[in-house]
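Protein chains in written order, with the working numbering: chain X, -2 to 118; chain F, -2 to 118; chain Z, -2 to 118; chain L, -2 to 118; chain S, -2 to 118; chain B, -2 to 118; chain Y, -2 to 118; chain C, -2 to 118; chain U, -2 to 118; chain E, -2 to 118.
To be clear, the hints were calculated from the coordinates, so they are not data collected in a lab.
Just to be clear, a hint being listed does not mean it is correct.
Stated by the list, open to error - With a straight-line Cα cutoff of 25 Å, these simulated PhoX-like cross-link-like pairs (lysine-lysine) come out: (1) 50/Z x 93/C; (2) 59/B x 93/S; (3) 56/L x 116/Z; (4) 33/L x 50/S; (5) 50/F x 59/Y; (6) 33/Y x 56/B; (7) 56/L x 59/X; (8) 50/S x 116/L; (9) 50/Z x 33/F; (10) 93/U x 93/Y; (11) 33/X x 50/Z; (12) 56/U x 56/B; (13) 33/B x 56/U; (14) 56/S x 56/F; (15) 59/F x 33/L; (16) 93/B x 59/B; (17) 56/X x 116/L; (18) 59/F x 50/X.
What the hints assert, rightly or not - A few chain B positions that, by computed beta-carbon distances, are all more than 10 Å from chain C: (19) 4; (20) 5; (21) 9; (22) 12; (23) 17; (24) 19; (25) 30; (26) 36; (27) 45; (28) 71; (29) 104; (30) 105; (31) 107; (32) 108; (33) 110; (34) 117.
Glycine included, each C-beta is placed from N, C-alpha and C at the ideal position.
There are 10 protein chains.
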Amino acid sequence: MSQPTRDLLETFPNPFPQRDYIVDTVCPEFTSMCPKTGQPDFGTLTISYVPDKLNYELKSLKLYLQQYRNHGAFYENVTNTILDDLVAVTQPRWMKITADFTPRGGIRTTVIVEYPERKIR
Amino acid sequence: MSQPTRDLLETFPNPFPQRDYIVDTVCPEFTSMCPKTGQPDFGTLTISYVPDKLNYELKSLKLYLQQYRNHGAFYENVTNTILDDLVAVTQPRWMKITADFTPRGGIRTTVIVEYPERKIR
Amino acid sequence: MSQPTRDLLETFPNPFPQRDYIVDTVCPEFTSMCPKTGQPDFGTLTISYVPDKLNYELKSLKLYLQQYRNHGAFYENVTNTILDDLVAVTQPRWMKITADFTPRGGIRTTVIVEYPERKIR
Amino acid sequence: MSQPTRDLLETFPNPFPQRDYIVDTVCPEFTSMCPKTGQPDFGTLTISYVPDKLNYELKSLKLYLQQYRNHGAFYENVTNTILDDLVAVTQPRWMKITADFTPRGGIRTTVIVEYPERKIR
Amino acid sequence: MSQPTRDLLETFPNPFPQRDYIVDTVCPEFTSMCPKTGQPDFGTLTISYVPDKLNYELKSLKLYLQQYRNHGAFYENVTNTILDDLVAVTQPRWMKITADFTPRGGIRTTVIVEYPERKIR
Amino acid sequence: MSQPTRDLLETFPNPFPQRDYIVDTVCPEFTSMCPKTGQPDFGTLTISYVPDKLNYELKSLKLYLQQYRNHGAFYENVTNTILDDLVAVTQPRWMKITADFTPRGGIRTTVIVEYPERKIR
Amino acid sequence: MSQPTRDLLETFPNPFPQRDYIVDTVCPEFTSMCPKTGQPDFGTLTISYVPDKLNYELKSLKLYLQQYRNHGAFYENVTNTILDDLVAVTQPRWMKITADFTPRGGIRTTVIVEYPERKIR
Amino acid sequence: MSQPTRDLLETFPNPFPQRDYIVDTVCPEFTSMCPKTGQPDFGTLTISYVPDKLNYELKSLKLYLQQYRNHGAFYENVTNTILDDLVAVTQPRWMKITADFTPRGGIRTTVIVEYPERKIR
Amino acid sequence: MSQPTRDLLETFPNPFPQRDYIVDTVCPEFTSMCPKTGQPDFGTLTISYVPDKLNYELKSLKLYLQQYRNHGAFYENVTNTILDDLVAVTQPRWMKITADFTPRGGIRTTVIVEYPERKIR
Amino acid sequence: MSQPTRDLLETFPNPFPQRDYIVDTVCPEFTSMCPKTGQPDFGTLTISYVPDKLNYELKSLKLYLQQYRNHGAFYENVTNTILDDLVAVTQPRWMKITADFTPRGGIRTTVIVEYPERKIR
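Next comes chain X alone, as it looks inside the complex (with noise of 0.2 Å):
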């Protein structure tokens, strides 16, 4: 299947511009392929922001995520890349996305990218 791309995500203009809020969007449906078994993974997504001039739209947001069923991507990588589609989109103010991945082989991970960044060390 072809690369996800950022063209689906479609925004509209923030209504409260003039002040800082958070919008935090859930997504438990989230599922893509692991690239060196062929297994689908599955996990959940929180993405949160402060909106400055536009916000996503939560139908294109869904559609935009459904491009990864079919997709090979590490949790790593498709983290940080829906990050960097979010935020070439959006241009928000503050960004931080929390992938929880269901367990394998008796592990589960979770992903955790900011925008813009903060020093962790």
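Once you've looked at the hints, dock chains F, Z, L, S, B, Y, C, U and E against the given chain X.
Frame of chain X; chains F, Z, L, S, B, Y, C, U and E shown alone:
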């Protein structure tokens, strides 16, 4: 249906204005209409504030919120507007509204607004 | 995508056919497509059975269920069809499938099928 | 507002009429009006049934239930009426509705109705 | 304080007497006085019944139960007495009361009474 | 320490002997000594019974159970003995004790005894 | 009923005044009367403090709080007044009260007060 | 590693053989090896039984189960074999083992065996 | 019974003194006697510390805490004394004890002590 | 059994080294042997890190941790050693391991280590 009006909100004098204290009000029965699909939305509003000279009266808050029952409003709009209305009427020292909406299309959304604005970046 | 086939299901001889015992298998990562909207559905399948001469092999069950990933099927159809397939291949003494699907439009659905049929009336 | 009508309910032919199976539908976003106080009531409807020749279509069920949004009805009335409507339209082999309403005056109420009537005494 | 009286309980005609159905009422704010220590007791009453010709009205139930607020009564007495009062006033086809009291001295107690009596032995 | 004695148990006349009803008493603060290791054991006793002519008084039950604090007894012994003592003193129509002990060596144990004996086979 | 008095509160000398430490007291059985409706209110008080020279005695705290049982007081009043009383009697280094009240009209309220005042803005 | 042997299981005389009573033993730290993949499996065993003349001793049960730590065995085999061993050694009036294994490949499995066999069909 | 002594506490050399790290120890089976009522108290102790040169040995900690089983001590005393004993014996870089006691008279209490003292005001 | 070796750990190049991000890995199936009693220990390891040039590969992490299955190690040792091994192999910007062990003798222990060392005092 007509636009919800802040005129329904009633207040009483803060009985302890000499100290900062927090009042949390949780309203799990909030419902409005989606202006795009015409379908009802449901959510839980949590309002936290530090009253200054005026506290809002709870029954009037309930009636104010019921105005949204047949009113069309997007998530971001309705949350910011309720904050503006409550701030205008009570002039609090601080106020924060967290609006948790139920899932639509497998995605659920929370909007968090605060007064005075706290820079999140 | 082609129709899911029961040919992927593999079995092994029941190691303790001398007694009735129950095997419960919970598959929280089931996903299929809604034939009406073209949108993905998600659910948890719980399969309980009393094996007779044959038990299904778990990895082949996983591969069998993954066939539904890009297959369109209504809730009632998919649950009954999986029961028919598993019964045909393992010829169990008893089997029951409970399929819990995630909410759509604020409504969530569970389908429960059993073999041999137990009259519920 | 006019009386809710069962005419909104649509059906489709039961795809597996040869066996008894259960469909559970949980609707946590039910709301109606209290005819006495004029205040909104909120509840969760759980509908379980064994279809015979006809299954109800989920989107039409949602639209049917939304008719109660501005309709005044007591707990016992609304639950029994919905049962009567669903039975009339789908003629199921068995149906049960559990309606859990949110607290009023520190008291919460559940109404449970079943068809055909099972003597509880 | 005077003895609680069942005269506060009001009823309305059962709107669906043609079928047996269950009404559950949960009252988590019940409080009475311990006649031995003079200390308040707290509990949750769950009343389930199948109405015959009469249903109790919820606001009158609340006022009836509030009579126990400053009334001394042991756990077993108060639960059996409330059953007797509700049965006398509504003449139900079946009724059951479960009273869960909060811990005293590290021990918590529940009393369960039923009408008509079901032999538990 | 001396053997616990049932003499500490006090009773009062059943105020509603005309009907079978259940009293559940949950005692999460039970502790005794392991006769083998000399180490303390901890558990939760749940006592359910249908009183006949006599109910046990709760404070005396607490004092009775505290006798086990420094008394050595195996799980099966202590649970059966408490049943025997409570049955001897109150002569109930029915009684059941469930004793949940906390984990030892990664294993936790529950003992369930009933009077009159119900054949479990 | 007469006004609750702080005279019921008893203290004992802090046994470890040489260090700051926290005592949390949770009182889930608080009840008072609504002065507007005459109906009882219910809530859970959580009192946290760092004692200085005096600690409050728990049984006297219980008796002090029971004075509100038949006393009319609004949420904000009762919480601030209890803080004032406890501060006056124990002169703590720090104290905070969180009062969670049960839902009324579908809305539940929490009041949080602190001494010495911490500016929340 | 050698085959686990039931010789490690020790018993003691049932102290109350005059009545049927249940002992539940929960072992959340069971682990064995998958004979196919060579990977460790993990699970929780719940053993319930009605002792006749003999009860198993808990420490010997722990040592018996630890034999499976480096022993290869399929789910169905290990559960049925443990039942056979415990039945052979204690000759109980009734016994049931529920073995809940942790997820593998997104699927989790439970095996339930009972003695004497209860027909489930 | 004699006063609990810290002499029972044994230590071993910190195997990684080159870095600060935290050890949390949760003891849900703590019990002591109330010196006022003579009744047993129950609680959960959570001990967190950063070892310096010495770690406490867990079995000796268990034996040390069991000394309180028949020892009378108020909540604030027992918690502060245990901190003093553990600090004296292990000389940690940091230590904190949280003691959650079960409800008495409808009120439950937690005491939190820390070394070296952190000013909470 | 021989000493666990970090040689089993495999890495891959961090696909997004340009930003700090967190990877959390939860391993609920960790088991080792107590060197004192020879009994198995069980725990959940949570590893959080900010990768620099290298990420660890999950399957190799699983195989690395399985080396402890028959290896004797105390709680503090095993947790610090695993941190040292993972730091040596991946050279992360930051790493933290939380190891929650199951109860032994009624006490459960958690060890928390961090790199680079954060002074907790």
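Results of checking the hints against the structure:
1. 50/Z x 93/C: With Cα atoms ~22 Å apart, residue 50/Z and residue 93/C stay inside 25 Å; holds.
2. 59/B x 93/S: violated (28 Å)
3. 56/L x 116/Z: violated (28 Å)
4. 33/L x 50/S: Holds, at about 21 Å.
5. 50/F x 59/Y: Violated, because 33 Å separates the two Cα atoms, which is more than 25 Å.
6. 33/Y x 56/B: At roughly 40 Å apart (the allowed maximum being 25 Å), residue 56/B and residue 33/Y break the hint.
7. 56/L x 59/X: holds (20 Å)
8. 50/S x 116/L: holds (16 Å)
9. 50/Z x 33/F: The hint is violated at about 56 Å.
10. 93/U x 93/Y: Cα-Cα ~21 Å, so holds.
11. 33/X x 50/Z: Since the Cα atoms of residue 33/X and residue 50/Z sit roughly 36 Å apart, the hinted pair is violated (cutoff 25 Å).
12. 56/U x 56/B: Answer violated: residue 56/U to residue 56/B is near 35 Å, above 25 Å.
13. 33/B x 56/U: Satisfied, since the Cα-Cα distance of roughly 17 Å is no more than 25 Å.
14. 56/S x 56/F: holds (18 Å)
15. 59/F x 33/L: Cα-Cα ~17 Å, so holds.
16. 93/B x 59/B: holds (17 Å)
17. 56/X x 116/L: This hinted pair is violated, its Cα atoms lying about 48 Å apart.
18. 59/F x 50/X: Distance ~33 Å between residue 59/F and residue 50/X Cα, so the pair is violated.
19. 4: Since the minimum Cβ distance to chain C is about 22 Å, residue 4/B lies beyond 10 Å and the statement holds.
20. 5: Non-interface label stands for residue 5/B: nearest chain C Cβ at 22 Å, farther than 10 Å.
21. 9: holds (28 Å)
22. 12: holds (30 Å)
23. 17: Its Cβ never comes within 10 Å of chain C, the nearest being 22 Å, so this holds.
24. 19: holds (19 Å)
25. 30: Given a closest Cβ separation of 16 Å, the condition holds.
26. 36: holds (13 Å)
27. 45: holds (14 Å)
28. 71: The claim breaks: residue 71/B does not keep its Cβ more than 10 Å from every Cβ of chain C (closest is about 7 Å).
29. 104: Label violated. Min Cβ-Cβ 5 Å, cutoff 10 Å.
30. 105: violated (5 Å)
31. 107: violated (4 Å)
32. 108: violated (6 Å)
33. 110: violated (4 Å)
34. 117: violated (5 Å)
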